[in-house]
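Generate coordinates for the entire structure from the input sequences, incorporating the hints supplied.
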Amino acid sequence: MSSETQQDKQVESAVEAGRQRRGGLHRLDVSATVGRPVVKLVLGVTLTFLMLPVFVTLIASFGTTWTGTLPRGFVNLENWRTVLGLAEGPGVRDGVITGLGYSAGLATAGMLVNIVVGVPIAYSLVRYDFFAKDIVNTLAILPIVPGVVLAVAFLRMYPEQGGSTLGLIVGYALLKSPFMILTVQSSLQSMNLQRVEESARSLGASWTRTFLTVIVPNARSGIVAGCIITWTLAAAEFNFTYMVHSAGPRPFSLFLYQNISRAPVLQGAAAVSVYFLIVTAVILILQTTGKAGFTTVERK
Amino acid sequence: MARDTAGGTGTESTRTGVGARLAAVRALLSPRTEAERERRRVAVMSLPYFVLAIFGAFLPLGMLARMSLSENQFRNEGFSLDAWETLATEPVYREIAWNTLWFATVTTTFSVLVAVALSHALAKYDLPFRRWIVAMVSFPIALPGIVVGFMIVVLLGRTGLLTNAVAFFTGGSRIDLATALTVGGLFLGYAFSLIPRATMVLRGTFEEINTDAEEAARALGASPLLTFYHVTLPQVWPGVVAAFVLTFRTALAIFGTVLVLPALNVATLRINLEIQDLGFNLAVASAMGLVYFVFIFGFTFAGVRLIDNESLKI
Amino acid sequence: MAEVTLDSITKRYREETAVEGIDLTVRDGEVLGVIGPSGCGKTTLLRTIAGFETPTEGRVRFDGEDVTHVPPENRNVGLVFQSYSLFDNMSVRRNVAFGLKMQGVGRSKRRARADELLALLGIEDQAEKSPQQLSGGQQQRVGLARALAIEPRILLLDEPMTGLDAKLKRRLETEIGSLLDELGVTGLYVTHDQEEAMVMCDRLAVLDDGQIQQVGTPAEIYERPETGFVADFVGTSNSLSATVRNGEIDLGFTTYDGNGLPETTDGTVIVRPEDVSVGDGDVEAVVRDRFYLGERVRARVELPDGTGLTVDLDPSTDGAAVGDTVQVAFETEGLHVIT
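Protein chains in written order, with this note's numbering: chain H, 2 to 301; chain F, 5 to 318; chain W, 598 to 936.
Just so you know, the hints here were simulated from the structure itself, not pulled from any lab data.
Using N, Cα and C, we set each Cβ at its ideal position, and we do this for glycine too.
Accuracy of the hints is not assured; some may be wrong.
[Said to hold, decoys possible] Calculated from the model, a selection of chain F residues having no Cβ within reach of chain H, i.e. all distances over 10 Å:
hint, residue
1, V29
2, S34
3, E42
4, M49
5, A220
[To be verified] List of simulated lysine to any residue pairs, SDA-like, C-alpha gap at most 20 Å:
hint, chain 1, residue 1, chain 2, residue 2
6, W, K766, W, D805
7, W, K726, H, N219
8, F, K128, H, K134
9, H, K134, F, F301
10, H, K41, F, R134
[Stated by the list, open to error] Cβ-Cβ distance ranges computed for the label pairs, FRET-style:
hint, chain 1, residue 1, chain 2, residue 2, range
11, H, L59, F, L32, 52 to 62 Å
12, W, G734, F, T37, 30 to 40 Å
13, H, K41, W, L776, 51 to 61 Å
14, H, T49, F, Y233, 45 to 55 Å
Structure representation (structure tokens):
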């Protein structure tokens, strides 16, 4: 009798505990119903915040005046004509073409330097273990110095060449190299590097030949993505360029700055839109190579 | 006698030191074992990067250090602590340091929090146009700071879209309502650049989450919030730290945005000021640049010690 | 093909020793299996022959020629890995022809030879595809064809079947085993799967803790293990402590004819489950566990002195349920003493 009552009591208390626990869970399930909408709201607001100014700028560049709430007088191509150098505009002498051409050349050279510099170091960091590897890795994948500080250092170290074409190329290569190194690293990590390399060598390929005919082609997607990203970032690099540039052709980013700081806002909008178009084109190219935009993360 | 012995051992130890070094050089030039060949490969493959880093960064930084101690603004001459004294004693520099740090901390924290939500949504939710959302979130990474500053003006400047809209509905003055050139406007400018970067770092982390453990936790009756706290958070923590380190570095380096929206006197702006407007004040600019570099370098390595290198993505 | 000799090979990494004092010969035309638990040094051995590890001490010889310091690309060895490690940037045919290209063989000749090998392995219709489009078994065939294409002096196979599903694995074992036989390939086959090794290899070397325990034909290894480790690692075995005196093996609870075994007071008798007959014998044992394995039933019985013994039962045997007492006897032929 007494043992039975005891058992009953135990079951009762267990059920009670279960009920309480379930009740507690029920209350916390609020996070399932509230959490998701909140996160989605954050996503929506952030996307709007990131994209709204881009579209407003793009649309405004086709307006005539912007004195009321919205720009008016569409469609007016005058701002674009000025920016492209087809018409005289206030505050700015040259069109975008020379600057863009010069910057494209600088960015291409910087990108080539980055291939030569970035692919081999990315490979050694993924493939081998060596002394102070962690430090080298951290140095290689993070920009060593911010552009502004690098600029001051360049002005000191290379007073004559700091702002020259060569100086700008070296600066761009150094500032943007982490992007190349990271994209190449992530595409190398997706293959069994050591086994593939050893297979090739056992088949009689020298190490150099293995690297060029087997490793590099397999890392192609990473190299291409790295090239596109480093090129785009270098083409509009401002911080370093602004500080060191003294003479010679005016790079694209300085042209942008001039339009932003001295020209009417609608003309600035047109100048900025030129760059938007470049970035959009680049993102489309990246999407076709399998990357989802400006990211060093390999798509799975 | 004693001196002789000391000299003798000294020479001997030098000789073995030289011998070891010679052996290392020999191994590098004509390796005989596979391990030696491997070492040579690492050396050869790292060489281009180090050439670039030495001439592009280390030597200029060394010069920066020397310059900060120069008596002359244009040549490295003599030895003077004037620049450092200016930096240490003039209150404006303390204010700049404070501005730089608090603003970077606040904007970074905000951006990382938003990025956590975004990465969670991108990894977990079945979103339509996912690829395009990723592209849109990464788009601002490609925009230089001056463009970001310009867009904040477009939105919140005196003729800005939002300023005008608010003025229209409230009847207030557009000049009073314009916030682009306030600290708030600058905050949005920073967030515009930082949220995408933080998201890119965290996206990789969130995609590698072990969903089995999460599902097990849910099956055991944990709510999504509890699951996130007990199961997901410990897994993404290194990524969050990495995102904070990288985003904070980026925040410290922002220049173009603050040049267009000069609402707060931060270090990059001041370095520019020293060189462009206050005369060619290279010694002070060098000292500031050096402090700046040492701080970022130390901060990064301290941060990286907390996490493994795998989490570092930019 | 060549004879490959390892002369007292020792490989040490900073503190740990991977293999120590290994003497081993792979005879011309034979496939030698190297088996052992993971971490026993078998892969180090393979990589030393391939040239990816230079031994700390000792020599590697191909047909007597010292190749210890020859880099891998000049050794002409074929390598097949568990992770097929095919070149994804090349078609299947170009993968197979890669080695020939490195040797400077002309284009049409390369192509013909590659197609010949692909046909030999039954995947000639996959030649144009990219390796990523193939199944695991097909990829492994390509890997093998690629390694065979260069007519290597020795073919090194590192766990090539691991990761394939069981049925495919059995089929490939017999297929590849007979192909290697036919071609007279000298091979070193590293695996942790002893059954696979027994099917594929002419001789086996059992490795434990960086040292060779025994080298011999599969039958020798299975029937006459020389150490307790080999007996335990290869197949299922029972070890019983025993004394051998006056031509008699004394197991404590029973004695057997020692037919000329060396005398010992502290020996171990190894007996395989199939050498224990159940149902009729002079030793009583209690059945503790039964495992139904299809063609037979494996049982765990307990001897009078408390020792556990693994035995095989005929599935049709009645009266050997868990808890029953059965009579067991050892077949004298199957008793094998390790001192």
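Taking the hints in turn, this is what the structure says about them:
{"no.": "1", "hint": "V29", "verdict": "holds, 16 Å"}
{"no.": "2", "hint": "S34", "verdict": "holds, 15 Å"}
{"no.": "3", "hint": "E42", "verdict": "violated, 6 Å"}
{"no.": "4", "hint": "M49", "verdict": "violated, 4 Å"}
{"no.": "5", "hint": "A220", "verdict": "holds, 16 Å"}
{"no.": "6", "hint": "W/K766 to W/D805", "verdict": "violated, 25 Å"}
{"no.": "7", "hint": "W/K726 to H/N219", "verdict": "holds, 16 Å"}
{"no.": "8", "hint": "F/K128 to H/K134", "verdict": "violated, 34 Å"}
{"no.": "9", "hint": "H/K134 to F/F301", "verdict": "holds, 17 Å"}
{"no.": "10", "hint": "H/K41 to F/R134", "verdict": "holds, 13 Å"}
{"no.": "11", "hint": "H/L59 to F/L32: 52 to 62 Å", "verdict": "holds, 56 Å"}
{"no.": "12", "hint": "W/G734 to F/T37: 30 to 40 Å", "verdict": "holds, 37 Å"}
{"no.": "13", "hint": "H/K41 to W/L776: 51 to 61 Å", "verdict": "holds, 59 Å"}
{"no.": "14", "hint": "H/T49 to F/Y233: 45 to 55 Å", "verdict": "violated, 29 Å"}
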